[in-house]
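Chemist: Chain residues, written in single-letter form:
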Amino acid sequence: MATEEMEQLVRREYKEGFVTDIESDTLPPGLNEDTIAFISKKKGEPEWMLEWRLDAYRQWLKMEEPSWAHLDYPPIDYQAISYYSAPKRPEDGPQSLDEVDPKLLETYEKLGIPLHERAALAGVAVDAVFDSVSVTTTFKENLAEAGVIFCSISEAVRDYPELIKQYLGTVVPVADNYFAALNSAVFTDGSFVFVPKGVKCPMELSTYFRINAANTGQFERTLIVCESGAEVSYLEGCTAPMRDENQLHAAVVELVALDDAYIKYSTVQNWYPGDEDGKGGIYNFVTKRGDCRGDRSRISWTQVETGSAITWKYPSCVLRGKDSIGEFYSVAVTNGRQQADTGTKMIHIGEGTRSYIVAKGISAGRSDQSYRGMVKIGPRAKGARNFTQCDSLLIGDQCGAHTFPYQEIGNSTATIEHEATTSKIGDDQLFYCQSRGISEEDAVSMIVNGFCKDVFQELPMEFAVEAEALLSVTLEGAVG
Amino acid sequence: MSDTATFLETLKARSQARGAEPTWMAARRQAGAARFDALGFPTRRDEEWKYTDVRAIAQGNFALADDADFSPAKAATLTLPLDAHRLTFVDGIFASALSDLEGLPQGVQLAPLSRALADNHEAVGGPLGRLTGVEFSPFSALNMAFVEEGAVIRIAPGTVVEKPLILQFLSRAQEQAVMAHPRVLIEAGSRSEATVIEHFCGEREARNFTNVASEVILERGAILSHYKLQEAPQGDFHIASIHVEQARDSRYTSYNLNLGGALVRNDLISDLNGQGAETHFYGLFFGQDRQHVDNHTKVNHNAPLTFSNENYKGILDDRAVGVFNGRVYVKKDSQKIEGFQSNQNLLLSDRAQINAKPELEIYADDVKCSHGTTTGQLDAEAIYALRTRGIDEATARGLLTLAFAGEVLEEVALDAIAERVELAVAGKLPERFNLAGLVETASALHD
Numbered sequence: 031m032a033t034e035e036m037e038q039l040v041r042r043e044y045k046e047g048f049v050t051d052i053e054s055d056t057l058p059p060g061l062n063e064d065t066i067a068f069i070s071k072k073k074g075e076p077e078w079m080l081e082w083r084l085d086a087y088r089q090w091l092k093m094e095e096p097s098w099a100h101l102d103y104p105p106i107d108y109q110a111i112s113y114y115s116a117p118k119r120p121e122d123g124p125q126s127l128d129e130v131d132p133k134l135l136e137t138y139e140k141l142g143i144p145l146h147e148r149a150a151l152a153g154v155a156v157d158a159v160f161d162s163v164s165v166t167t168t169f170k171e172n173l174a175e176a177g178v179i180f181c182s183i184s185e186a187v188r189d190y191p192e193l194i195k196q197y198l199g200t201v202v203p204v205a206d207n208y209f210a211a212l213n214s215a216v217f218t219d220g221s222f223v224f225v226p227k228g229v230k231c232p233m234e235l236s237t238y239f240r241i242n243a244a245n246t247g248q249f250e251r252t253l254i255v256c257e258s259g260a261e262v263s264y265l266e267g268c269t270a271p272m273r274d275e276n277q278l279h280a281a282v283v284e285l286v287a288l289d290d291a292y293i294k295y296s297t298v299q300n301w302y303p304g305d306e307d308g309k310g311g312i313y314n315f316v317t318k319r320g321d322c323r324g325d326r327s328r329i330s331w332t333q334v335e336t337g338s339a340i341t342w343k344y345p346s347c348v349l350r351g352k353d354s355i356g357e358f359y360s361v362a363v364t365n366g367r368q369q370a371d372t373g374t375k376m377i378h379i380g381e382g383t384r385s386y387i388v389a390k391g392i393s394a395g396r397s398d399q400s401y402r403g404m405v406k407i408g409p410r411a412k413g414a415r416n417f418t419q420c421d422s423l424l425i426g427d428q429c430g431a432h433t434f435p436y437q438e439i440g441n442s443t444a445t446i447e448h449e450a451t452t453s454k455i456g457d458d459q460l461f462y463c464q465s466r467g468i469s470e471e472d473a474v475s476m477i478v479n480g481f482c483k484d485v486f487q488e489l490p491m492e493f494a495v496e497a498e499a500l501l502s503v504t505l506e507g508a509v510g
Numbered sequence: 002m003s004d005t006a007t008f009l010e011t012l013k014a015r016s017q018a019r020g021a022e023p024t025w026m027a028a029r030r031q032a033g034a035a036r037f038d039a040l041g042f043p044t045r046r047d048e049e050w051k052y053t054d055v056r057a058i059a060q061g062n063f064a065l066a067d068d069a070d071f072s073p074a075k076a077a078t079l080t081l082p083l084d085a086h087r088l089t090f091v092d093g094i095f096a097s098a099l100s101d102l103e104g105l106p107q108g109v110q111l112a113p114l115s116r117a118l119a120d121n122h123e124a125v126g127g128p129l130g131r132l133t134g135v136e137f138s139p140f141s142a143l144n145m146a147f148v149e150e151g152a153v154i155r156i157a158p159g160t161v162v163e164k165p166l167i168l169q170f171l172s173r174a175q176e177q178a179v180m181a182h183p184r185v186l187i188e189a190g191s192r193s194e195a196t197v198i199e200h201f202c203g204e205r206e207a208r209n210f211t212n213v214a215s216e217v218i219l220e221r222g223a224i225l226s227h228y229k230l231q232e233a234p235q236g237d238f239h240i241a242s243i244h245v246e247q248a249r250d251s252r253y254t255s256y257n258l259n260l261g262g263a264l265v266r267n268d269l270i271s272d273l274n275g276q277g278a279e280t281h282f283y284g285l286f287f288g289q290d291r292q293h294v295d296n297h298t299k300v301n302h303n304a305p306l307t308f309s310n311e312n313y314k315g316i317l318d319d320r321a322v323g324v325f326n327g328r329v330y331v332k333k334d335s336q337k338i339e340g341f342q343s344n345q346n347l348l349l350s351d352r353a354q355i356n357a358k359p360e361l362e363i364y365a366d367d368v369k370c371s372h373g374t375t376t377g378q379l380d381a382e383a384i385y386a387l388r389t390r391g392i393d394e395a396t397a398r399g400l401l402t403l404a405f406a407g408e409v410l411e412e413v414a415l416d417a418i419a420e421r422v423e424l425a426v427a428g429k430l431p432e433r434f435n436l437a438g439l440v441e442t443a444s445a446l447h448d
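Heads up: the protein sequence lines correspond to chains A and B, in order. Note that the first sequence covers residues 31 to 510 in this note's numbering. Note that the second sequence covers residues 2 to 448 in this note's numbering.
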C-alpha cells in the first residue's frame with residue numbers, strides 16, 4: 031500500500047473512532063489514540079503535531095518499561111491514569127490563606143518564602159494574590175523587548191510552529207526511552223524559551239516562573255533554545271512543597287545551545303514523597319538532555335532533589351561542539367521510604383570538550399539512593415576532559431547509598447577522573463559542634479549544608495538560601 | 002545449528018563416552034547443561050556482559066583434548082622458574098610427567114581433581130560448585146557440565162607451606178582448537194598460610210578456549226596469597242572466575258596479572274563473612290593489537306569490621322579494549338567497614354578503549370568507602386622532566402609506562418613474578434617506547 035494511502039487510513043481511524051466529548055474538561059482514565067487526538071484538539075494543535083504525538087504513542091506501545099534502575103515500586107497501570115484535565119479554575123481553590131492547611135504555611139515559614147508568594151504557592155486563587163498579575167505583565171514586556179520568546183509549549187506550537195518543528199524532539203527523540211515516548215504522546219504543559227542570537231536574557235526566568243509555578247503538570251515538555259552567543263538562566267520547580275494529585279510524572283526537557291551559547295538550568299524538586307510507608311508519593315520519571323550543538327557552548331544542570339517517592343532522572347549533555355562544556359551539580363536527599371536513582375550522562379563527541387560532575391547524595395531513614403552516571407568519550411573527542419566527584423552521606427543504619435558510574439573511553443588524549451566516597455556524619459564532628467552549644471539537629475543541618483556547598487553555590491542566590499532551609503526541613507527527625 | 006547446540010552436542014558425545022561417576026556429579030553436570038541450555042551465551046544486552054562480546058567463543062568449534070602430550074623442553078621454557086610444587090595440565094588434561102609433587106609437606110594436599118574424586122569423591126562433592134554454582138553465569142554452568150579435571154588443594158589447619166603451589170595450564174597449538182573446563186578447589190584450613198599460583202601459558206599459535214572456575218575457602222585466620230598469571234597465547238579465549246569465601250580474621254590477597262589472550266574475562270569475588278576478615282585485590286592488565294581484557298571484581302562485606310582494598314591498573318595500546326567493573330557491597334548492619342578501590346588506566350593509542358565502572362552499593366552507615374578511577378595518557382610534564390635529564394622522549398615514555406605498572410607490581414610479594422611481568426610489559430611496548438636496550442640488559446642480568 032502506498033504511504034499516502036496508509037497515512038489517510040491512519041488519520042481516518044481516529045476521526046471515526048473519536049467518541050470523547052470535546053467539551054468535557056477531564057478525560058476518563060485510559061490511553062489510546064483517541065485520548066491523544068483529544069489532547070491535541072483541546073490544545074488546538076496543527077495536524078503535524080498530532081502526527082508527531084501518534085508516532086510517539088505507536089513506538090511507545092512497542093517499548094518495554096525499563097527495569098535496570100535500582101528502584102522498587104509496584105507496576106504502573108498506564109490505563110488507570112487520566113491524561114488530561116483542564117487547569118483548575120480560580121473559584122475551585124482556597125480563596126484566602128486562612129483556608130490553607132496550617133501545616134503547609136508552617137513549612138513556608140521555615141523555608142523563609144516571602145509572604146506575598148505563599149498565597150500563590152498554596153494555590154490561592156490568583157485574583158486574590160496581590161499584584162502578581164501586574165508583575166507578570168512587566169516581565170513579559172521586558173522579555174519581548176529583548177526578543178526573548180517565553181511561553182507555554184502549547185502556545186509555541188500554535189504561534190511558532192517553525193521553531194518547534196525545527197527543534198522539538200531533536201535532543202530527546204520521540205522514542206528515546208519509555209517515559210520520553212509516553213511524554214511525547216501525551217504532554218500537556220511545559221514551557222518554550224527561545225533566546226535569539228547574541229541576546230542575554232534580561233532576567234533569570236526563574237523569577238517569572240516562580241509566580242506561575244502552581245500549574246506545573248504531570249507530563250511537562252520544556253524546550254529551550256539559545257542561538258549563537260545567547261544566554262539564559264532558567265529555574266523550574268520550587269522549594270515549597272507542591273500539592274499534587276497526580277502520582278506519575280514523566281517530564282521531558284530539551285536544551286539546545288548553539289555557538290557560544292550558555293544555558294543554565296536549575297531544578298528544585300520537592301514533590302510529595304509519600305507517607306511514612308512511602309504510600310502515595312510521586313513517581314518522577316524525567317528525561318532531561320542538553321545538546322551543546324555549537325562550538326564553545328555551555329550547558330549547566332543544577333538540581334536539588336528532595337521530594338518524590340521515586341526519582342528516575344539523569345540530566346545529560348551531548349557535547350557535540352568543539353570546546354563545549356557540560357556541567358552537572360546535584361544534591362539529592364532521601365528520607366523515609368524514598369528511592370532515588372539519579373545522575374548524569376556526559377557524551378563527549380567534539381574536540382576539546384569538558385565536563386564537570388559534582389553529585390552529593392544524602393540518605394536518611396529507610397531510603398535508598400543511587401548515583402548512576404556515564405561519561406563517554408568518542409574517538410574524535412581529542413583532549414576531552416572530565417572530572418567527577420560523587421559523595422554519599424548516610425544518616426542512620428537503615429538506608430542505602432550506591433554509586434554506579436559508567437566510563438566508556440575511546441580516546442587516548444582524554445583525561446578522566448572519578449572520585450566517590452561514602453561516609454556518615456562523624457561523631458567527632460557532632461561532638462565538636464555540640465560542645466560549642468549547637469543543638470544536635472542544627473549541627474547535622476550545618477554539616478549537611480557544608481557537604482552540599484559545592485552545589486548550592488551554583489544555584490541562583492535566593493534559591494540557594496531556601497535550598498539550605500529545605501534540606502533541614504527534609505531531614506527533620508532523621509537524627510536523634 | 003545454534004551456538005549453544007554445538008556445545009551441547011559435544012557434551013552429549015562426551016557423556017556417552019564417559020564411565021560411571023558419583024550420582025551427585027551426574028546430577029550437577031545435568032543441572033549445568035540445563036542451565037546453559039536455558040541461558041545460552043551471554044550477549045551485550047546482559048548488564049554483566051555489556052562491554053564484552055563472546056560471539057567469537059560461541060561461534061567457535063572446540064573439541065575436547067584427549068591427550069596431554071607436550072614436549073618437556075618446550076614446557077621448560079614456559080614454566081615459572083620457581084622452586085615450587087607443581088601440577089601441570091595440557092589443554093585441560095593432567096600431565097603427570099610435567100608435574101612435580103615430590104616432597105609435599107605434611108598437611109598439604111595438592112592433587113588433580115580426577116585423582117581427588119577417585120580417592121574420596123564425597124570430600125570433593127561438598128565444596129565443588131558451592132561458591133561458583135551453575136547460577137553464576139552461562140560459563141560457570143558450562144564448566145559444571147563439562148568439568149572433569151582441575152586441582153584440589155587442601156591445607157591442614159596451622160600448616161605453613163613454604164614453597165608456592167603452582168597450577169600450570171598449557172595451551173597447545175593444534176589444527177583443531179580445543180576447550181578445557183578446569184575447576185580448582187582450594188581449602189585453606191584455619192591459621193594456615195600458603196601461596197597458590199595459577200599460571201596460564203602455551204604455544205604462541207594456539208587458539209583454544211579455557212573456561213576455568215576456582216573456588217577458594219579460607220577458614221578462620223587463614224592467610225592465602227593467590228596469584229593468577231595469565232600469559233595465554235594471543236589467540237586464546239580465556240574465561241575465568243575466582244570465588245573466595247573468607248571466615249573470621251582470614252586474609253586473602255589476589256594478584257591478577259593479565260598479559261595474554263585474545264578475549265579475556267576474569268570474575269573475582271570475595272565474600273567477607275567473618276569479622277576481621279580482609280581482602281586485597283591487585284590487578285594489572287596489558288592489552289595490545291585487538292586484545293579484549295575484561296576484569297569484574299566484587300567484594301561483599303557481609304560481616305562487620307571487615308576490610309578491603311583494591312588497586313587495578315590497565316595499559317592499553319593499539320585497538321585493545323579494556324573493561325574494569327569493580328563493586329564494593331556492604332550488607333545491612335555490616336558496620337565499621339573500610340572498603341577502598343582504585344582503578345587507573347593508561348591509553349597508549351587513539352584507538353584503544355577502556356570501559357570502567359567502579360560501583361559502591363552500601364546499606365550500612367558506619368562505613369568508610371571510596372573509589373577513584375582515572376584514565377589518561379602519560380603526563381607531559383613528567384616526560385619533560387626526564388628529557389631535561391638527558392633521556393630521549395621514547396625512553397622517557399617507556400620508563401613512565403613501566404613506573405605506572407610498577408605501582409601494582411611493587412605490591413607483588415614474589416619478586417620473580419613481579420620482574421617477569423615487568424619485563425614482559427617492557428618487551429611488549431612498541432618501538433616508540435624504546436625500551437629494547439633496557440630489556441636486553443635486564444634479561445642479560447638474569448641469565
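Treat the hints as calculated values from the structure; they're not laboratory data. Treat the hints with care, as some may be off.
[What the hints assert, rightly or not] Straight line, CA to CA, 20 Å or less: simulated EDC-like cross-link-like pairs of lysine to aspartate or glutamate:
(1) A/454 <-> B/351
(2) A/412 <-> B/408
(3) A/406 <-> B/367
(4) A/71 <-> A/219
(5) A/412 <-> A/427
[What the hints assert, rightly or not] With beta-carbon atoms standing in for the labels, derived distance ranges:
(6) A/427 <-> B/412: 54 to 60 Å
(7) B/97 <-> A/92: 57 to 63 Å
(8) A/419 <-> B/68: 25 to 31 Å
(9) A/386 <-> B/408: 56 to 62 Å
(10) B/382 <-> A/102: 33 to 39 Å
(11) B/62 <-> A/410: 37 to 43 Å
Each residue gets a CB set at the ideal place from its N, CA and C atoms; glycine is no exception.
Chemist: Look at each hint and say if it fits the structure.
Modeler: Evaluated hints:
At most 20 Å may separate the alpha-carbon atoms for a hinted pair to count; residue 454 of chain A and residue 351 of chain B exceed this at roughly 41 Å. A C-alpha spacing of about 27 Å is found between residue 412 of chain A and residue 408 of chain B, which places the hinted pair above 20 Å, so the restraint is violated. Note on residue 406 of chain A and residue 367 of chain B: the hinted pairing is violated, with a Cα-Cα distance of about 33 Å set against a maximum of 20 Å. Note on residue 71 of chain A and residue 219 of chain A: the hinted pairing holds, with a Cα-Cα distance of about 14 Å set against a maximum of 20 Å.
Annotation: proposed proximity of residue 412 of chain A to residue 427 of chain A is violated, straight-line Cα distance about 44 Å (limit 20 Å). Distance hint check: the CB atoms of residue 427 of chain A and residue 412 of chain B are about 33 Å apart, inconsistent with the given range 54 to 60 Å. Roughly 60 Å separates the CB atoms of residue 97 of chain B and residue 92 of chain A, a value that falls within the hinted 57 to 63 Å. The given range of 25 to 31 Å is broken by residue 419 of chain A and residue 68 of chain B, whose C-beta atoms sit roughly 57 Å from each other.
Range check, residue 386 of chain A to residue 408 of chain B: about 27 Å between beta-carbon atoms, so the 56 to 62 Å window is missed. Against the hinted window of 33 to 39 Å, the Cβ-Cβ separation of residue 382 of chain B and residue 102 of chain A comes to about 49 Å, which falls outside the hint. One distance hint, 37 to 43 Å for the beta-carbon pair residue 62 of chain B and residue 410 of chain A, holds here, with the actual separation near 38 Å.
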